[in-house]
Amino acid sequence: MQHLQIIAAQWVAPKIDYFALAPEIVVVVGLCAVLLLDLFIDQRKQWLLTIVSSFTLLAAMLPVLMLGLSETSVRSMFDGRYVVDDFSLVIKGLFLLAGYVVVLLSSSHVEQGEYWRGEYWFLLLTSLLGMLMMASSRDLVSIFVALEFLSIPAYMLAAWRKRDAKSNEAGVKYFLLGVFASAVMLYGMSLMYGVANSTLLVDIAKTLTTTGDFAAVHALAVVFVIVGFAFKVSAVPFHTWAPDTYEGAPTPVTAFLSVASKAAGFVALVVLIYTAFPASQDVWQPFIWVLSALTMTVGNVLALKQHNIVRMIAYSSISQGGFVLMPLAVAGMAGSENSALRSVVLYMIVYAATNLGVFAVILAVSAKTRSGEISSFGGLFSYAPSLGVLMTLFLASLAGIPPLGGWIAKFVAFQSLLQSQSNWGYALAIIGAVNSVVAFGYYGNVMREIWMRPPPDGDVTPIVAPGSLRLALTLTSALTLVFGILPSVGLRFADLAEIAGAITR
Amino acid sequence: MRIFAAESEILAPLATGWFLENAWLIPVVPAIAFALIILIGKRLPMKGSELGVLSMAISLVLSAGTAYQWVQRVNGASEEQFVSPVVRSWSWWQSGGFDFGIGQHIDGLSVVVLFVVAFISTLVQVYSLEYLRGDRRYTHFFAALTLFSGGMLAMVLADNMILFLLGWEIMGLCSFMLIGHWWEEDANSRAALKAFFTVRTGDMGLLVGISMLYFAANDWTQANLGLSGFSIRGISAWALSGEPNSSVITIAAVALFIASIGKSGQFPLHTWLPDAMAGPTPVSSLLHSSTMVVAGVFLVARLYPVFFVGLDILGSGGNLIVIIGGITIVISAALAFVQNDIKRVLAYSTVSQLGYMMLGLGAGAWLPAVFHIFTHAFFKACLFLGAGSISHSASHHSFDMKKDMGGLRKVMPITFATWIVSTLALCGVFPFSGFFSKDEIIDNVGYNGYNTFMVVGLIGAFMTAAYMTRATYLTFFGEPRGASAGHAAHDTHDSHQTHDSHDTHDSHSAHDPHAAHDTHDSHSAHDSHAAPHESGLLITVPLMILSVLALGSGFLNATPFGESWERMKLWVEPRASVVFEESKSGGPGESLNLVAGVVSAEDSHSKSVCGSATPEEGVCYAPQLNHAPFKWSKAIMSMLIVFAGGAISWILSMLVFTKRDPRVAGLTSRIRLLGLGHSFLVNKYYLDHFYEKVVVRSVAYPISRAAYWFNQNILDGVLHGAARVTTKLSDWVYKNVDQRVVDNTVNNSAVLTKSVGTAAQPTQSGRVSQYGALLFSATAIAALVLVIVNT
Amino acid sequence: MFVNQFLFLAAVLFCIGVYGVIARKNAVLMLMSIELILNSVNINLLAFAMRNGSTDGHTFALYIIAVAAAEVGVGLGLVLLVYRNKKTISVDELSEMRG
Amino acid sequence: MNMLQDNNWLLSVGTFLPLVGVVVLLLMPKAQDSAIKNVALLTSIATLIVGVYTAFKFDYGQAEKLQFVADVNWISVIKSSYLIGLDGISLPLYLLSMIITLLVVIYSLDHVPSPGKPKSFFALLLVLQTGMAGTFIAQDLILFFVFFELVLLPMFFLIGVWGGEQRQYASIKFFLYTMFGSALMLVAFLALFFKTGAESFSIPFLIENGAGIAKTTQIWIFAGMFVGFAVKVPMFPFHTWLPDAHTQAPTQGSVILAAILLKLGTYGFVRIALPTLPDAAREWAPYIGGLAVIGIIYGALGCLAQSDMKRLIAFSSVAHMGFVMLGISTLTSFGVNAAMFGMVAHGLITGMLFFIAGSVKERYHTLEIAKLGGMLTAMPRLGWIFGFCAMASLGLPGLAGFWGEFPAILSAYNPAEGLNESTFRVFMVIAALGTVLAAAYLLWMFQRVAFGTAKTTSSHSSHDDLHDVTTHEWIAWTPLLIGILVLGVLPNLLFSVLEPAVQITLKAFGG
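Residue numbers (the working numbering), protein chains in the order written: chain A, 81 to 585; chain B, 1239 to 2029; chain C, 48 to 146; chain D, 3 to 513.
Bound-form chain A, shown alone (with noise of 0.2 Å):
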């Protein structure tokens, strides 16, 4: 009891940077509108608050880029708890535009069935709030925090649709899961205190070794940590909920699960590989290496036989993410630390434009053909043809097709990988080439759908999607088409040099 009054007696207020805080206020007070609006608007003028939300976003957008456009850059409060450094700056970018584009996917869902809007426009706030947290956390405690911030309302997310069976079975049991692997993460990260007397990730980079008396304690609480993000990024063989639950959720929760939320536990695995673990790599890497493996082709292999458009796409975000732990797991690596942390960066960017890309063109289709059912796209292209070029677009910037932005993604993968110059690293290779092969084997088949078949049900009359999908269709085809051809542009965001700097200080 003593030395918790001392601690307390020297404590004092700590010194808040409000600035950098900026965008999280914004989307705070966004949200809180959100929720007062839904209390006092009626029915008739649920729109109002699309509107709100989208622009909460977008004015969220502004302090990130002063922010980003200011000269100092580095802040950090909490004594490093919580750093705004160029690196979260673009992740939170990334999170606020695509958060931003999954608005404009849902405003013309959320409109079928009666279903209350408020609460899925507050949800989607909160857990992008929570996000842009996970982008500055560098504590455990607050990454935790963060984690279950974006988690708990994705949970609700998934479970919206209150009457559909589907959707409560999605919510259920992405909700029982997650906690399990948050709870298993937990375990880890008291270890980890429990070793390194500290919450603060650098204090932890410094005494977490793999030498010492403490080796085993420290494999097991670095295995366990990154097992709770490995289920955030549904990487095999945590991946199991993301099937199931993308299919069963409605489909923009689905877009901002496979995109946002994954984005955000990439966000959190670089940063603790980046600053927690640097000296213990050789527990991780090999970790990671075996992850990324599984999960590339594990994923391609199940989506080959999938029927539904979804759970497809499910497991092509699966095995993206495979592609996306590709470079991690040379990360430690001299000579590849900048350009691993690059390529993740960029390909979360890339992949964010173009998934949420597909999952518009899905929305505008469904919306017609009321079926998720791969077929349903059968001859698209002869009654909706710009619908049917774009899908073709994303399809094949997925599969990795230059000039397009996957394309460029993939690249800078394999380029950090082959710049570590090890043979894991040449291994991993060869086994990521193969799989962007193999992936273009229901990537291709969608097309042929689109291209070569007939219409199932001789229906033709063309599709008129609405202005909010168009919009957002006009944005994603453009950035996948402008990240493929001037590469320089997304690499641009992407290339912090000093970003491993940025992390630790």
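Some hints could be false.
Said to hold, decoys possible - Under 8 Å between C-beta atoms, here's a sample of chain B residues computed to sit facing chain C:
1. M1877
2. Q2002
3. S2003
4. G2004
5. R2005
6. S2007
7. G2010
8. A2011
9. F2014
Unchecked claim - Here are the simulated distance ranges between beta carbons:
10. C:N73 - A:S150: 50 to 60 Å
11. B:V1693 - D:T425: 42 to 52 Å
12. A:E151 - B:S1987: 49 to 59 Å
In short, the hints are calculated from the structure, not lab data.
We put the CB at the ideal spot given by N, CA and C, even for glycine.
Following the hints, put chains B, C and D in place on chain A, whose structure we already have.
For chains B, C and D alone, coordinates are given in the frame of chain A:
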């Protein structure tokens, strides 16, 4: 610059002239004509044929001029001086240090063959004006014919092997087009395919041979002569320089010889030639008797030094060439007995004559062989055209001697006369040209020590006489049969169904469901049911010219009358003297000033080292060859053999045509006095049958039947079998290897991945607790492994 | 030191929790098992905090307790939702989507 | 050097002009057929004009140097730049691609295969053109790769949408095969990049420094490239996509596939694989040669087994590319010259054959050789053109095919030093045998298709279908026919351009 050998003198530069310098125009003219015919031929009054004839006439004039000036050149040169060929060449294209040139190489050999080809082609084209009048592909025919002549001429005066190959292949193509000229008939197109394919198989040897020679010779020729390894002069000189590694040059020679086997229809690749008779008669007479088929022989004669060294001619008692030649002579002569189709008789006789040429070349009788090319061209062309004339005017376009001919000597005297002359020439009866060439070959073969093959040659001569007599008898003597007797055409056709002779176009277009070439029918209408008659001038005039030559051409090299008559030897045979070049810079294109070592004086014969040893200085372009001194004794002997052959065959014919009852033997002498002929009418089929029996028993049973069987079943069988096997093999490979193995591995890999997916699916059971179990067990395993590894 | 006993206790709790999560088919029981794991974590944290004499452990534990409360809330909400639609809370009934 | 860079805008214009046409097409309403066709036609004509102007500006005096070089910063982070240039090796293929595209467009004016959709059809054709032209001018590995892949999708759709019955299977197969190859190729490129010090992807630079890599490493890197290019060529074990793709593709697709796409692979060997990794090339040469001759015989056998005319021609491509690869595998400048010539010749001839096959299909409604026949009676002109092409394809001297085939065989007699002569001489003989087989299957096909009398079985195609060559066909074909003849008579036109560039490319082998 090299220092001249001690005793050697500068010689006067050789005479040259416009024709010699511009001989390259000879093939160019027909080539242009070909293009013109293709482009505007159809619009011309005579459907482009006039262009063909005109161009050939021009080439003829040019080559005649060339020949004349060549003679001047030779006469201008001093005794024993090597008369250097007139070589001009232009670089065609270079690549990777290779220089492919085109150019002319005019020497005795090329002059002779040029003249022959141009001459025969001209006559044949004139002949065709009448023979193919009204054919629906008249223009195409002349185009192809002209292109053929162009190709052949180009090959003949080629100064390097690439151009040679070019002409060679063009000929092959044209023969394909011409044999298949009446391609509505499946048999014709198949024959065309067979011919082209067989020849092409031989060409493989040509490709390989040329490549080998190039790489083997190039360095030497560049160094010593400044010539490319493709140039014929270079290769010849290199072959005699003692430079070449014996195995390389041997293999190259064999490879090249394979090519000439294919082209010249030598055993065992001769089977295409008789089938090729499916083509129109002018084609048969031009391509497959007098010119194209001698291309193979020409190749050997052209690169003679290579074969001389490579196959060690004169060195041993036998070599590949003589063996093949010998076999060909006998085999094909025997085959000629059992043919009913007059053209096939001639075809086999051509093969055997080519065999003679090969035999001669193989046995070192270079000059007689070349001379035989010369003479043979005339009389064989004459024979073929004669056969054509018969079928054209007498036998309703049938070539079957037994069914549709006989007793024609009365109705077509000119054809008959020319035929007889040529036959005598072919048999090698004394004053006729064949005697001077063929006999010389046999003679020299013996003289060079190939005695067995001399015997073979004599046997060949005997058989030649025999089968030619048979053919002559069947065609011109006895009573007219079938079509020649004015019977309606249709029974001709019916009879055609029964036997295996190659039908010609009209006999089929008659029962061709949709008259494939109606115009031609109209043409055949003008004589179809008319009585046999002599052909028109356009046909007979060429016949007469040819027969005159068949009679006279022999005197160009009439050895019996002494040196002074051996003009061919003087003009054509390259002299085997060691040549010192004044300047090596003299690459192809300019004719070199040459200096010949004066051969030590005691006798001017066969003392040159060329061929026998390596010249210590200078180069040889031709090996030293021997010439058998002419002996009347030997000549008489061979003449006797020939006459014997003719006589026996004749007597047999008599026997056959006069014997009324086979069982009554010994009465023949009496019945023979009752004139010939009428007994023919009674059961002629039976007599035919009997004739066959007698002939078969007495003359040709051992060989010809066997040979024919061998030919049809083994050789041809092998050929077709090869084709069939290849097809089968390809089917098998395609079905089993390509589709089953290679392709399926690909498709199976896809299936495999899918099945892996199926295997992985159970993990996705949909049950939360199992998910949890998987999650934690994976964690536990990972933790365990990594903890163990890292501590 | 006496820390070890705490760690041992935590480990045991953790294992029991994991066992519960895997073995139980009842959603509520699974939730409770997860609570067990979280508590084992808390014990760990406090034990280490005592040993290291820092307060981070306590703070962390407090956060975990709070978040756990939220999780349980959401979890029970979801379970109720399922119960309304399916009249069961056995998670094995929830296997409509698979493969 | 500076003068080598003037009007360096030419190449970019020539390459990307088709895309402009594509944009215009996309903006046009679907209905206006004729307008769409005109736009496509004009675009391709304009492109060709630019190309011809380029060829006109090209300095043949120094054909071995890269000309019209443009070097613009592209992806600085991964040290890749937009580096393009043209030399003697690229020029012929660059032009060929433009010519073929134009002819195909002309041919398509009245032959848009079912199911119509001219708009997207022409758009894809033009995109394809950009991809092909770009591949031939790219001097940066990444750029090369991008163009190389850019070709895939349009072809995939051309086959898959406008193809025959099996089109979907064929298109997917084609795509997966090629992607598999190029994935490994990309890995190989990266390995090359890092082994040369991770400084630049520019091909000239890599040629400078590639030789420095350790031999074993080179061999592995070469393996990657080998797979990538060999699939495209296609060489023996990787060829099975070709017959399906060719058979199923629409005529236009087959023509482009045969005339240009197959050349991308061989071009890759000559441009990248050989000069950058000389030691590995020496090690691999015998195996490449072996596979090449296997391909020659194998393709020929495949041809003999075919009953479908188009499939037969497709297999003949395998054999012909075998000759090309044989020439390349000798590593002598003579052999590579022959190979380059062979590529162009094969492009002209086989492209032409596929045109003919298309027209036959259109008239007879079948390609079963057994059902054809008597083409010469029904359509003499078409028949003779067919015969001409068959002759050219079997390597008749005086026509283009010969100069690709015979020198390749010749070159195999003595390969570059360091290669086993006897092995290659065996190859030579086998290849010579291949020429015989070539004669066999081509003439056999010709005999069965053109000779004889029109089969009654095929008369279900009403007889008025059997019209002779149409005007559009004449316009589209004449250039090819002339090209075959001219190149056959004056091969130096091409060799003089190739020669110096090839010399430089192979200087590592003392070629």
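Hint check, failures only
Those not satisfied come down to hint 1.
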